[in-house]
Amino acid sequence: MPLHSGLKEYALTSAFKDGRFPPIDRKELSSLVCGVSLLVDFEEGDDYLDWEVGRHGIWIEFKDAKGRKKSATYLPEVTKEQGWTKEKAIESLLRKGGYRETKISQEFLDSIFLTRYQSRKAQVTYQDYLDSL
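Numbering-wise, the sequence shown is residues 1 to 133 according to UniProt numbering.
If you are wondering where the hints come from, they were derived from the structure by calculation, not from laboratory data.
Values in this document were obtained by computation on a predicted structure and should not be read as measured data.
Among the hints, erroneous ones may be present.
Unchecked claim - Ranges between beta-carbon positions, derived for each pair:
| no. | residue 1 | residue 2 | range |
| --- | --- | --- | --- |
| 1 | Gln123 | Asp47 | 29 to 35 Å |
| 2 | Thr125 | Thr13 | 16 to 22 Å |
| 3 | Glu43 | Glu91 | 19 to 25 Å |
| 4 | Asp41 | Pro2 | 16 to 22 Å |
| 5 | Ser5 | Lys69 | 24 to 30 Å |
| 6 | Ser111 | Leu7 | 33 to 39 Å |
| 7 | Asp64 | Gln127 | 44 to 50 Å |
Claimed, not checked - Listed next, the in silico BS3-like pairs over lysine-lysine satisfying Cα-Cα at most 27 Å (straight line):
| no. | residue 1 | residue 2 |
| --- | --- | --- |
| 8 | Lys70 | Lys88 |
| 9 | Lys17 | Lys96 |
| 10 | Lys66 | Lys88 |
| 11 | Lys86 | Lys63 |
| 12 | Lys70 | Lys96 |
| 13 | Lys80 | Lys96 |
| 14 | Lys27 | Lys63 |
| 15 | Lys86 | Lys103 |
| 16 | Lys96 | Lys66 |
| 17 | Lys17 | Lys70 |
| 18 | Lys86 | Lys69 |
| 19 | Lys103 | Lys70 |
| 20 | Lys27 | Lys69 |
| 21 | Lys96 | Lys63 |
| 22 | Lys86 | Lys121 |
| 23 | Lys121 | Lys8 |
| 24 | Lys69 | Lys88 |
| 25 | Lys86 | Lys96 |
| 26 | Lys66 | Lys103 |
| 27 | Lys121 | Lys17 |
| 28 | Lys103 | Lys63 |
| 29 | Lys63 | Lys88 |
| 30 | Lys66 | Lys80 |
| 31 | Lys121 | Lys80 |
| 32 | Lys70 | Lys86 |
| 33 | Lys27 | Lys70 |
| 34 | Lys121 | Lys88 |
| 35 | Lys27 | Lys8 |
| 36 | Lys88 | Lys103 |
| 37 | Lys17 | Lys27 |
| 38 | Lys80 | Lys103 |
Glycine included, C-beta positions come from ideal geometry on N, C-alpha and C.
Just need the whole structure built from these sequences, with the hints factored in.
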């Protein structure tokens with residue numbers, strides 16, 4: 001997706017269509033801060049532990065017990081903010097992605113396809129936006 005149209009689409013979705021929050025109201029504009037994480041430098045990992053906490057975001061793909069393909073991702077800052085080890089992050093990510101088995105075997109862990117990436121973050125206030133017009 002082109003960056004400009006993607007930013008516009010996701011900004012509108014975040015502001016008005018995120019079911020977790022009420023839509024943004026006009027009187028909230030002056031207090032808004034808009035942040036964007038651009039995901040860059042995607043690399044295939046050698047295994048599910050081939051990444052660095054705090055440096056890499058991780059995207060995993062796996063198959064559930066019925067053979068359906070599942071996936072989930074965490075941005076680079078998530079694992080560091082949570083204080084997770086790589087193993088704990090992978091377990092959490094599997095659950096986020098829909099893995100429902102009680103036990104996670106080493107054989108299953110070895111079947112995970114991992115992609116690591118980094119992010120570049122930027123943020124602006126509403127006043128920054130007005131100043132740029």
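Taking only the CA atoms, is the gap from Lys66 to Lys80 under or equal to 27 Å? violated (32 Å)
For the pair supplied as a hint, Lys63 and Lys88, is the alpha-carbon distance within the 27 Å limit? At roughly 19 Å apart (the allowed maximum being 27 Å), Lys88 and Lys63 satisfy the hint.
In this structure, is the beta-carbon distance linking Asp41 and Pro2 contained in 16 to 22 Å? 19 Å Cβ-Cβ, so the 16 to 22 Å window holds.
Within a Cα-Cα threshold of 27 Å, do Lys27 and Lys69 meet the stated pairing? Judged against 27 Å, a Cα distance of about 43 Å means the pair is violated.
Assess, step by step, whether the Cα of Lys121 is no farther than 27 Å from the Cα of Lys80, and give holds or violated. holds (16 Å)
Take a quick look at whether Lys70 and Lys88 sit within 27 Å of each other, Cα to Cα. holds (18 Å)
Next pair to validate is Lys17 with Lys27; report whether the Cα-Cα distance is within 27 Å. holds (18 Å)
Hinted pair Lys86 and Lys69, Cα distance within 27 Å: With Cα atoms ~22 Å apart, Lys86 and Lys69 stay inside 27 Å; holds.
Verify the proposed pairing of Lys86 with Lys96, using a straight-line Cα cut of 27 Å. holds (15 Å)
Confirm or reject the claim that Thr125 and Thr13 have a C-beta distance inside 16 to 22 Å. holds (20 Å)
Keeping to a limit of 27 Å between CA atoms, is the pair of Lys17 and Lys96 held or broken? holds (21 Å)
So if I understand the rule, the pair passes when the alpha-carbon distance is 27 Å or less; does Lys69 with Lys88 pass? holds (21 Å)
Against the hints set out earlier in the document, violations occur for numbers 14, 20, 30 and 33.
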